[in-house]
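Here the protein sequences line up with chains Z and G, keeping their order.
Just so it is clear: in the first sequence, position 7 is 8 by the working numbering, and no numbers are missing.
Just so it is clear: in the second sequence, position 275 is 457 by the working numbering, and no numbers are missing.
One or more hints might be untrue.
Said to hold, decoys possible - Derived list of chain Z stretches under chain G, where covered just means 3 residues or more per stretch with a C-beta under 8 Å from a C-beta of chain G:
1) 51-62
2) 124-138
3) 165-178
Calculated directly from the structure, the hints in this document are not laboratory data.
From a predicted model like this one, the values you see are computed outputs, not experimental measurements.
Even for Gly, the Cβ is constructed at its ideal location relative to N, Cα and C.
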Amino acid sequence: MESKEINLPLTDKAIDGLQIGDRVEYSGILYTARDAAHKRLITLADAGNELPVALQGQVIYYVGPTPPRPGRVIGSAGPTTAMRLDPYTPRMLELGVKGIIGKGGRGPVVREAIQKHHAIYCIAVGGTGALLNRHIKNVEVVAFEDLGTEAIRRLEVDHFPAIVVNDAYGGDLLEAGKAEYRTKAPPSP
Amino acid sequence: MREIEAGVITEAVAKLAVEATHFLPEDVEGAIRGARETEQSPLGVQIIDEILENAEIAREQMLPLCQDTGTAVVHLELGQDVHITGGFIMDAVNAGIEKGYGDGYLRKSIVAHPFGERKNTGTNTPGVIHTEIVPGDKIHIGFMPKGGGCENMSRYQNFLPGAGREAVIKFVCETVDQSGGNPCPPLVIGVGVGGTAEKAMTMAKHSLFRKIGQRSEDPEVSILEKTLLDAVNALGVGPQAVGGSTTALDVFVETYPTHITALPVAVNIQCHSARTKHTVL
Ligand code: SF4
Numbered sequence: 002m003e004s005k006e007i008n009l010p011l012t013d014k015a016i017d018g019l020q021i022g023d024r025v026e027y028s029g030i031l032y033t034a035r036d037a038a039h040k041r042l043i044t045l046a047d048a049g050n051e052l053p054v055a056l057q058g059q060v061i062y063y064v065g066p067t068p069p070r071p072g073r074v075i076g077s078a079g080p081t082t083a084m085r086l087d088p089y090t091p092r093m094l095e096l097g098v099k100g101i102i103g104k105g106g107r108g109p110v111v112r113e114a115i116q117k118h119h120a121i122y123c124i125a126v127g128g129t130g131a132l133l134n135r136h137i138k139n140v141e142v143v144a145f146e147d148l149g150t151e152a153i154r155r156l157e158v159d160h161f162p163a164i165v166v167n168d169a170y171g172g173d174l175l176e177a178g179k180a181e182y183r184t185k186a187p188p189s190p
Numbered sequence: 183m184r185e186i187e188a189g190v191i192t193e194a195v196a197k198l199a200v201e202a203t204h205f206l207p208e209d210v211e212g213a214i215r216g217a218r219e220t221e222q223s224p225l226g227v228q229i230i231d232e233i234l235e236n237a238e239i240a241r242e243q244m245l246p247l248c249q250d251t252g253t254a255v256v257h258l259e260l261g262q263d264v265h266i267t268g269g270f271i272m273d274a275v276n277a278g279i280e281k282g283y284g285d286g287y288l289r290k291s292i293v294a295h296p297f298g299e300r301k302n303t304g305t306n307t308p309g310v311i312h313t314e315i316v317p318g319d320k321i322h323i324g325f326m327p328k329g330g331g332c333e334n335m336s337r338y339q340n341f342l343p344g345a346g347r348e349a350v351i352k353f354v355c356e357t358v359d360q361s362g363g364n365p366c367p368p369l370v371i372g373v374g375v376g377g378t379a380e381k382a383m384t385m386a387k388h389s390l391f392r393k394i395g396q397r398s399e400d401p402e403v404s405i406l407e408k409t410l411l412d413a414v415n416a417l418g419v420g421p422q423a424v425g426g427s428t429t430a431l432d433v434f435v436e437t438y439p440t441h442i443t444a445l446p447v448a449v450n451i452q453c454h455s456a457r458t459k460h461t462v463l
């Protein structure tokens, strides 16, 4: 299975060409954000303030890395569970975010919002933080430094591997995949 | 009475923390390699390849296998003929956790208060420490850095006493199905049946210290383990829940006598980063 190479920020045209199950390799800039950073960004936006990061066309990566050993830019850096960020995601998409990387599935409200805003949700393989470390070339804290591990970081990535789980056409890989490989119905409730 | 210095325990725990988070146990890696041969989904196979490559990079570059280096779950089997000198055993274990997570550049993920301020303790302590008194004059230490993604998918339910093994199968399948990609499949699934609520969950967690393929010595339980593994893999959840035939690498069941009114069932899920490490002092 070939990967599709995508340069960031994401364009509508790039999103048009992506479907569930596609493997992508992102090169360019990703922004990290977890629960606390999401909350702050949205509070700022709702109060009509300018955001410390221009979100238009950007891809957010849900990650909380291990501390780097001396000489490294980052430690192990795999995705965290995306579902926890579901309450914030529709608003983030309204603010211009076009792509998200996490692990696990998204709720129905988020899936709808992804389709509505012509965006894309990908997973990186959870539990492969050592492998993903190799694709991160540079790291810089760009906002909310006081949040420590939860501060917003700008990651320069090279061929960062991910899999499309929710595309702009309403598809959901986890549902489709399970249906395809389910050999027996689950025991009835 | 054999004497063991508290400081020896601290050093041992620190070493276990670093090794467990960087070196995937051979049996787990072997099972993942085996799954690569049987996985039906091409995307699933690619995911398995990335998991195997990750284990190699982690080992060679001394990078943690996963950024979630977990809650430090420690299982102590304390020989009744051992006397600890120079400090309290629990403090010694926590000092070892602090040292291992600090020196090893591991992520500190523990907050001091669960619903209050949730301030990070900065040391990954306290660990969750289980103790068991056993015969002999040795201390056996099992270390399991347990990630949040999988731990948070744990479930417990008490069934009607007559509900039987069917209830166990249904409950385990439901739990795995609902948790989807959150616990990072392929999984290792621990199941505790019987006892009381806390006994059932402790057994479920403890079973995760077993080696992949190590069946229960009770023939009836061993058959249930195989049935559960097939049932879970028939769900189609697959690696990272993208669909596939490998949802779990193994299912371990522990049982205990229970009350006439009860059938407690606990499920504790482990991810493919099924990190455990043991030592004997
Ligand atoms: S569930 Fe396991 S592999 Fe996945 S992120 Fe958590 S600790 Fe890592």
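Verification of the hints:
A count of 0 residues in the region 51-62 of chain Z with a Cβ less than 8 Å from any Cβ of chain G is obtained; the coverage claim is therefore unmet, three being the minimum. Under a criterion of three residues with beta carbons nearer than 8 Å to beta carbons of chain G, the stated coverage of the region 124-138 of chain Z is upheld, 10 such residues being counted. Counting residues of the region 165-178 of chain Z whose beta-carbon sits less than 8 Å from any beta-carbon of chain G gives 5, enough to reach three: the coverage restraint holds.
Hint compliance for this structure: hint 1 is the single one not met.
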